[in-house]
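6 protein chains.
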Amino acid sequence: MYGPDVTFLGVPRCDLDDPSSYADADVVVVGAPFDGGTSHRPGTRFGPKAIRTTDYLGQHGSRPSLALRTDGLRDLRVLDAGDVEMFSGDAERSLTTLRGEVAKVVRAGAIPLILGGDHSIAFPDAGGVADVLGHGRVSMIHFDAHADTGDIEFGSLWGHGQPMRRLIESGALRGDRFLQIGLRGYWPGSDVLKWMAEQRMRSYEMSEIVARGLSSCLTEAFEIATDDCDGVFLSVDIDVCDPGHAPGTGTPEPGGLSARELLDSVRRICLELPVVGIDVVEVSPPYDHADITAALANRVVLEALSAIAHRRTGEAWDPLRPLLDGR
Amino acid sequence: MYGPDVTFLGVPRCDLDDPSSYADADVVVVGAPFDGGTSHRPGTRFGPKAIRTTDYLGQHGSRPSLALRTDGLRDLRVLDAGDVEMFSGDAERSLTTLRGEVAKVVRAGAIPLILGGDHSIAFPDAGGVADVLGHGRVSMIHFDAHADTGDIEFGSLWGHGQPMRRLIESGALRGDRFLQIGLRGYWPGSDVLKWMAEQRMRSYEMSEIVARGLSSCLTEAFEIATDDCDGVFLSVDIDVCDPGHAPGTGTPEPGGLSARELLDSVRRICLELPVVGIDVVEVSPPYDHADITAALANRVVLEALSAIAHRRTGEAWDPLRPLLDGR
Amino acid sequence: MYGPDVTFLGVPRCDLDDPSSYADADVVVVGAPFDGGTSHRPGTRFGPKAIRTTDYLGQHGSRPSLALRTDGLRDLRVLDAGDVEMFSGDAERSLTTLRGEVAKVVRAGAIPLILGGDHSIAFPDAGGVADVLGHGRVSMIHFDAHADTGDIEFGSLWGHGQPMRRLIESGALRGDRFLQIGLRGYWPGSDVLKWMAEQRMRSYEMSEIVARGLSSCLTEAFEIATDDCDGVFLSVDIDVCDPGHAPGTGTPEPGGLSARELLDSVRRICLELPVVGIDVVEVSPPYDHADITAALANRVVLEALSAIAHRRTGEAWDPLRPLLDGR
Amino acid sequence: MYGPDVTFLGVPRCDLDDPSSYADADVVVVGAPFDGGTSHRPGTRFGPKAIRTTDYLGQHGSRPSLALRTDGLRDLRVLDAGDVEMFSGDAERSLTTLRGEVAKVVRAGAIPLILGGDHSIAFPDAGGVADVLGHGRVSMIHFDAHADTGDIEFGSLWGHGQPMRRLIESGALRGDRFLQIGLRGYWPGSDVLKWMAEQRMRSYEMSEIVARGLSSCLTEAFEIATDDCDGVFLSVDIDVCDPGHAPGTGTPEPGGLSARELLDSVRRICLELPVVGIDVVEVSPPYDHADITAALANRVVLEALSAIAHRRTGEAWDPLRPLLDGR
Amino acid sequence: MYGPDVTFLGVPRCDLDDPSSYADADVVVVGAPFDGGTSHRPGTRFGPKAIRTTDYLGQHGSRPSLALRTDGLRDLRVLDAGDVEMFSGDAERSLTTLRGEVAKVVRAGAIPLILGGDHSIAFPDAGGVADVLGHGRVSMIHFDAHADTGDIEFGSLWGHGQPMRRLIESGALRGDRFLQIGLRGYWPGSDVLKWMAEQRMRSYEMSEIVARGLSSCLTEAFEIATDDCDGVFLSVDIDVCDPGHAPGTGTPEPGGLSARELLDSVRRICLELPVVGIDVVEVSPPYDHADITAALANRVVLEALSAIAHRRTGEAWDPLRPLLDGR
Amino acid sequence: MYGPDVTFLGVPRCDLDDPSSYADADVVVVGAPFDGGTSHRPGTRFGPKAIRTTDYLGQHGSRPSLALRTDGLRDLRVLDAGDVEMFSGDAERSLTTLRGEVAKVVRAGAIPLILGGDHSIAFPDAGGVADVLGHGRVSMIHFDAHADTGDIEFGSLWGHGQPMRRLIESGALRGDRFLQIGLRGYWPGSDVLKWMAEQRMRSYEMSEIVARGLSSCLTEAFEIATDDCDGVFLSVDIDVCDPGHAPGTGTPEPGGLSARELLDSVRRICLELPVVGIDVVEVSPPYDHADITAALANRVVLEALSAIAHRRTGEAWDPLRPLLDGR
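Top to bottom, those sequences are chains A, B, C, D, E and F. In terms of full-length UniProt numbering, the first sequence opens at residue 1 and continues consecutively. In terms of full-length UniProt numbering, the second sequence opens at residue 1 and continues consecutively. In terms of full-length UniProt numbering, the third sequence opens at residue 1 and continues consecutively. In terms of full-length UniProt numbering, the fourth sequence opens at residue 1 and continues consecutively. In terms of full-length UniProt numbering, the fifth sequence opens at residue 1 and continues consecutively. In terms of full-length UniProt numbering, the sixth sequence opens at residue 1 and continues consecutively.
Just so you know, the hints here were simulated from the structure itself, not pulled from any lab data. All values reported here derive from a predicted model rather than from experimental measurement.
Chain D side only, calculated, beta carbon under 7 Å to chain B, not exhaustive: (1) Leu57; (2) Ala67; (3) Arg260; (4) Leu296; (5) Leu320.
All C-beta atoms, glycine included, are put in the ideal place defined by N, C-alpha and C.
Taking the hints into account, I'd like the entire structure generated from these sequences.
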């Protein structure tokens with residue numbers, strides 16, 4: 001929608017209006033260049049372009065992972081549907097349009113991988129998946145500094161601080177299969193927290209993560225996420241990372257995960273869980289520097305794809321295996 | 001709306017819900033922190049804050065102009081009503097709200113001075129003035145690189161490329177009292193130009209300005225603007241200046257006016273014409289550097305206020321008069 | 001002193017010349033916009049403004065901590081006295097003025113929370129506290145990459161590399177109750193280290209912190225700090241963090257703490273120790289990017305306030321408690 | 001070569017290895033992502049991508065000029081051949097490759113429009129044109145702060161300070177049909193100036209341009225350029241503009257043209273002279289801010305194309321004609 | 001004082017404590033890395049280093065001017081005395097030290113060329129010259145957006161808004177031989193203007209410059225400056241230029257001169273007047289981008305030196321002379 | 001080669017053409033301002049200058065390490081030979097020149113410490129050492145995100161992705177004494193990995209490092225490195241660190257080491273192993289912000305020198321020893 005028409009690292013293009021163009025896809029990338037829902041620094045409308053292209057390697061649709069020995073862009077059939085037209089000045093219409101596009105991808109049996117855009121899009125992203133796979137049948141693993149469970153803000157239901165509430169309220173997702181990782185800071189207040197507790201959400205604030213260890217929290221979350229659910233939606237707000245690792249975002253909250261921790265977590269999720277949809281959101285290029293936030297988001301996508309490809313091999317992955325063991 | 005609650009260089013605050021608070025105002029500053037209508041780089045939501053505060057002098061509500069010997073903030077009664085709440089994700093609602101607030105100011109007999117925000121707000125800004133002073137009774141002098149006369153864009157009527165069309169279509173302003181200065185570049189196309197010609201708009205493209213001289217064009221424009229109209233609305237899109245002078249904007253078009261030319265033009269307009277409303281728009285701080293664009297916009301506001309104050313003295317102004325002539 | 005007159009996240013204002021205005025305060029924020037003492041990159045004069053306002057949430061004087069379940073700005077009575085006028089070109093006069101203002105706060109029974117400014121201000125900050133509570137009765141916990149115990153530099157006693165020496169030499173603070181955390185790099189030399197050892201200071205260089213663990217070092221430091229002292233002054237130089245987490249500072253030294261480690265340390269100090277004064281210094285906005293350093297400093301302040309509020313409840317804090325446990 | 005594969009504002013692609021793909025082209029854009037010849041700040045390897053895409057309008061291969069009433073991308077058949085592979089670590093090989101590609105375009109009867117890259121490429125650019133049209137048959141109009149007539153530098157013949165000497169020495173271009181506009185500063189020294197005078201080059205230093213007026217200098221230059229030559233090569237080094245208008249370049253020299261002056265000059269050249277080749281060079285995105293230098297270079301290209309399209313209509317152009325005269 | 005010890009573009013070093021080292025100098029460069037007097041954005045302490053080194057050419061002590069055909073660094077004997085130690089936290093002491101150093105240079109018969117630093121240093125710069133050449137015998141040509149004639153600010157006599165008042169009050173310079181060029185904006189107020197008028201200063205505000213032409217104003221100023229005076233001090237505050245041309249400064253005021261106008265003015269002054277001292281001040285690298293402000297200041301210095309060298313040849317300079325006329 | 005001629009933090013200069021000038025050196029710093037080999041973002045040509053000078057302390061050739069109690073610049077005889085002239089447009093010639101210069105240093109019995117420049121220089125750096133000490137007698141410890149073992153790229157053997165292959169292919173270094181630490185991401189592909197395995201290289205990918213711990217990996221690597229080798233070359237590509245800690249580099253790969261981990265690793269290597277050569281590469285100042293990457297590289301150099309100095313004392317180093325233990 002902004003700038004030249006490019007695909008994620010050069011993967012083939014498809015057209016969501018032409019089902020044959022993505023009939024055999026494993027993953028379809030969808031750009032959601034929308035920042036009309038942000039409560040502070042805008043700019044995520046340029047996120048899809050930045051996440052698609054920020055890489056120092058040639059952009060020819062191949063990325064062999066050193067860690068996983070899979071090529072997420074080759075071992076899977078990954079297509080890019082381009083950007084959905086989303087006028088930032090009309091959140092409601094834009095989100096509705098997106099939801100329909102996401103559902104098309106799911107109906108074709110592919111995993112939608114949506115590049116935000118601000119986090120408002122989680123509502124149509126996970127909602128569109130649930131529309132096809134069944135309301136209440138998809139659990140959520142949500143990386144974020146913020147709970148995004150606000151009610152009405154600036155007079156609207158549709159901002160980036162509210163999608164998780166809308167998903168649960170609408171019945172698309174179950175509150176008790178909603179896992180949040182990395183929360184911290186000074187929002188929301190007690191009313192909203194009370195509502196969250198009533199929904200039986202499970203939110204790991206950074207203090208708990210530091211005290212227990214991230215790995216232990218993830219293991220517990222995985223158990224909840226896979227209990228009586230058919231698939232997992234993974235929503236990655238880049239601000240779950242510390243601003244030192246992800247400065248280019250709208251509402252940076254100090255004290256977050258390192259980039260390494262996020263990448264390792266995404267890898268584990270996609271290796272161990274039946275992921276049915278992904279979004280990567282809140283990359284704001286105007287506030288980035290040296291493109292490090294966009295590069296991180298690009299690697300989050302590749303980490304997910306590489307791990308999904310590995311999971312489909314059915315083999316176990318051993319982090320202790322040396323890189324050059326000759327196999 | 002974003003960040004701390006401050007007024008333009010420290011002028012007193014008023015409350016638009018309390019007419020007594022601005023009953024005797026000459027000018028009321030209104031913040032319009034809205035960037036939901038921009039077609040490219042966002043960030044103008046932070047424009048009102050930046051324009052209000054970007055100045056190296058103490059912010060105590062006084063600014064004696066060296067050039068004009070008036071103090072726009074003291075000789076006039078200037079109040080600041082703060083920001084109108086404008087959710088960028090809902091352009092239509094936000095613009096409607098703003099229009100009502102602008103009209104309140106006009107009804108009180110004051111000049112509304114709106115700080116944008118993207119140029120979408122020109123529709124409620126000039127429209128709100130015309131609602132009170134009479135449709136067709138206010139002419140427009142519009143500094144901009146762009147005509148902003150598009151029809152439907154991104155499926156919406158309300159973006160920053162369309163307000164001037166909406167103003168004329170709605171009858172709020174007359175096309176043949178619509179003066180545009182500084183247009184250039186590659187938009188709009190012939191259909192829109194044809195519509196503009198049909199409205200009998202008068203648009204000075206930069207080639208004409210260079211060939212004839214800016215001063216000559218302004219003089220001609222002033223004659224049209226004051227023919228059978230009761231007042232003039234001045235709309236300053238900061239991108240009328242060259243990107244070297246105003247980098248912090250959403251849609252920079254090379255080859256524009258210098259900062260000096262813009263300041264001198266604004267001065268002449270406010271000295272010579274019956275200005276009834278002003279907006280200064282399209283300052284995008286995330287793309288600014290060293291705050292030079294915000295500083296320029298701040299000075300555009302001060303230039304206007306100083307000149308309005310001078311006009312009210314009824315005295316002529318002589319640019320040849322030395323600064324230290326002892327009077 | 002620079003820019004508009006704002007308070008820390010919108011807390012009420014008080015006036016240090018009017019004791020009644022802060023008679024019942026728990027904490028009084030004081031701005032110290034001084035960078036005349038810095039030995040390298042200046043800019044900390046804009047630190048108070050940046051620390052007060054860098055936050056993406058509305059600035060209305062409330063911040064409920066997710067981690068601690070207290071609202072530091074509501075559960076405590078926090079007031080902001082604005083900036084002390086400190087001309088950077090006259091360090092001695094400026095520091096003297098500040099010392100008097102700090103003492104006023106302490107005399108009123110409140111905790112002074114000074115926002116720097118360069119670290120020169122630690123001398124009047126901790127000195128002003130000691131002037132009221134008694135010389136030798138206040139211990140110091142000092143987070144910093146640098147010892148700040150130099151003698152005469154650039155021909156002056158008053159630079160930002162010397163305040164800790166001045167505090168001890170003057171008897172305001174005891175050397176053997178002076179705890180330094182995070183030192184590293186290549187300054188000072190052996191002469192100064194010898195002087196420090198003679199004062200029986202306890203300085204934790206990063207190698208020791210890495211080898212022993214930060215938590216263990218803190219526990220040891222807490223014991224010293226509370227041995228025969230009536231209160232603890234907490235001085236946080238933001239450069240204790242790694243430049244990746246705090247680039248916006250004057251003398252960045254690679255290899256420091258993470259933002260998470262600093263926040264957790266500040267929390268523990270304010271939960272476990274009788275803090276009687278705080279300063280947060282060396283935030284230099286011109287060298288910041290995406291405002292991440294200012295945001296971190298803002299969160300250091302909030303972490304301290306939230307924890308002080310929690311300490312006053314008398315309840316224990318358990319980091320393992322889940323966020324949504326329903327209490 | 002760097003990043004995604006895109007064409008100039010979305011014009012169709014062609015393949016220089018497939019002559020049928022550009023058989024009917026009027027203009028072929030060629031990217032020269034090479035900065036191995038620069039003597040100071042590098043980064044122009046990213047120039048082709050930046051010049052192709054830096055525009056806030058949709059990139060669909062159309063740009064109707066307000067000033068000229070032509071659409072350079074539609075009225076002409078403009079194709080983009082993508083980037084030539086140019087390893088910056090091997091100047092000689094890279095320049096040789098480029099020369100062959102440029103000649104292919106000329107042989108097909110099209111105008112090559114090369115996007116640099118550093119100015120080293122002027123040698124293969126103008127040389128490749130002369131190889132086809134005849135050595136000595138093409139004159140040069142060269143906008144630059146620097147003469148680029150150095151001999152051996154850093155032990156090499158091929159840097160960006162030397163291409164103009166190589167062109168003349170090799171006989172590809174005549175020295176007495178070599179027009180330079182905008183020179184200034186402190187290079188080269190008298191030896192090189194003597195060589196230039198011996199070649200009978202005509203170089204307009206900024207003092208002469210200020211004293212005589214740019215327009216007068218251009219008129220004189222045009223006469224020389226069209227005397228006994230078959231075509232004109234236009235080489236635009238963006239550093240001919242003042243650093244305030246073009247900061248993103250490798251060797252900025254204060255005191256240059258404004259962006260407006262450059263655009264107007266390029267327009268006149270392409271309206272009045274038989275242009276047979278163009279390059280636009282020395283845009284260095286890492287040193288740009290808010291993309292203003294890349295935007296200017298993009299507009300230089302469009303100005304040239306719009307004017308070439310106008311020249312082909314055979315009609316005169318009148319800058320005094322109002323934009324909305326209804327024709 | 002900050003960073004490595006370098007000289008202006010590689011000219012030889014001298015030592016002000018060793019008169020023999022600069023006995024035969026024509027010009028002695030002195031660094032004044034002081035920003036303790038600035039009222040807003042600091043950073044000029046890094047000005048001397050930036051002005052000395054910001055150039056893309058090799059730094060070997062030679063710069064042949066294309067415009068003037070002189071080599072200011074070779075035709076004159078230019079030495080660099082390095083930085084004076086100036087602690088920014090003690091303005092009074094620092095300025096006193098500098099005054100003594102400047103006087104040493106003048107006593108040796110050389111022109112002091114001081115690189116600031118903030119404009120506070122004009123007091124010791126011009127004062128030190130007058131101390132040797134005689135109070136009242138040196139006139140001042142002062143390029144600036146600001147009059148710098150304030151009285152007491154921030155409780156001090158020594159800030160960067162006051163040096164011109166101090167010079168006149170102390171009798172070092174005559175008010176009626178004080179020429180100011182480029183003033184604009186909103187400072188100072190009428191009291192100060194009244195004082196200035198009483199001193200019979202002559203200040204050219206930008207409105208007068210635009211109305212009369214810069215050249216005409218300069219000619220008039222030159223007549224005043226040379227009436228019953230023995231020499232002229234040239235003080236160039238880089239903020240006389242528009243922020244688009246000089247963003248890297250502390251108190252940018254929109255609407256100033258272009259870089260070209262400043263360079264041409266400096267050239268004329270040094271060609272036509274008996275310059276006895278120069279300072280170039282207010283370059284603040286932290287706010288610069290792409291180093292364009294530092295580059296401009298470097299060229300101001302070179303322009304002055306080239307013109308002084310030309311003046312000493314006794315020949316006239318003709319701007320109409322073509323660069324390659326073969327002489 | 002670029003900018004003023006300075007030495008590493010002010011150490012004395014030597015001249016590689018004059019062996020007597022470095023006859024008794026322990027370490028000779030050599031600048032390699034070359035970025036002609038980079039495959040993406042250039043700028044490392046300014047690395048040597050940035051690494052030499054980026055420090056907030058005075059640059060007088062002394063740096064006492066707080067952690068190690070040695071002064072690497074005083075306890076060792078460290079000289080700086082300045083920059084080797086390396087034209088980035090001719091990689092082959094430039095690298096050959098550098099190799100000869102490095103060998104000169106080794107022949108004099110000193111450790112060459114080369115400041116890059118891009119990683120292409122590892123071939124002449126380690127190759128030049130091996131030329132003197134014997135091919136196959138020097139092992140390599142290589143910190144990097146990338147293996148740098150590519151074959152032909154962009155048609156050349158000499159880019160920054162290939163030096164390690166060239167070193168092994170040429171026999172200069174043994175593949176089975178080649179230790180790589182920090183690899184990650186999506187390059188190279190299986191062919192190159194197969195070649196690496198055949199050479200019996202040992203490469204620690206980040207997954208293995210996270211799973212086993214960095215310390216354990218280093219210990220294992222040290223055993224291999226010292227098995228039947230006479231010395232160790234340490235090559236530090238700054239991109240081994242996470243982009244949050246080292247943004248100023250050409251090919252940033254998220255998920256790397258922290259600055260603290262790199263510094264501690266370098267310390268251990270230089271304390272425990274017989275280091276015979278060092279290079280620090282890939283610092284690209286145009287992409288740095290607040291100079292944090294250059295500062296880190298400067299500290300990597302100092303950490304190495306401090307540890308080498310400590311190793312020569314023959315004493316053990318205890319990280320648990322408190323800083324102020326009085327010894």
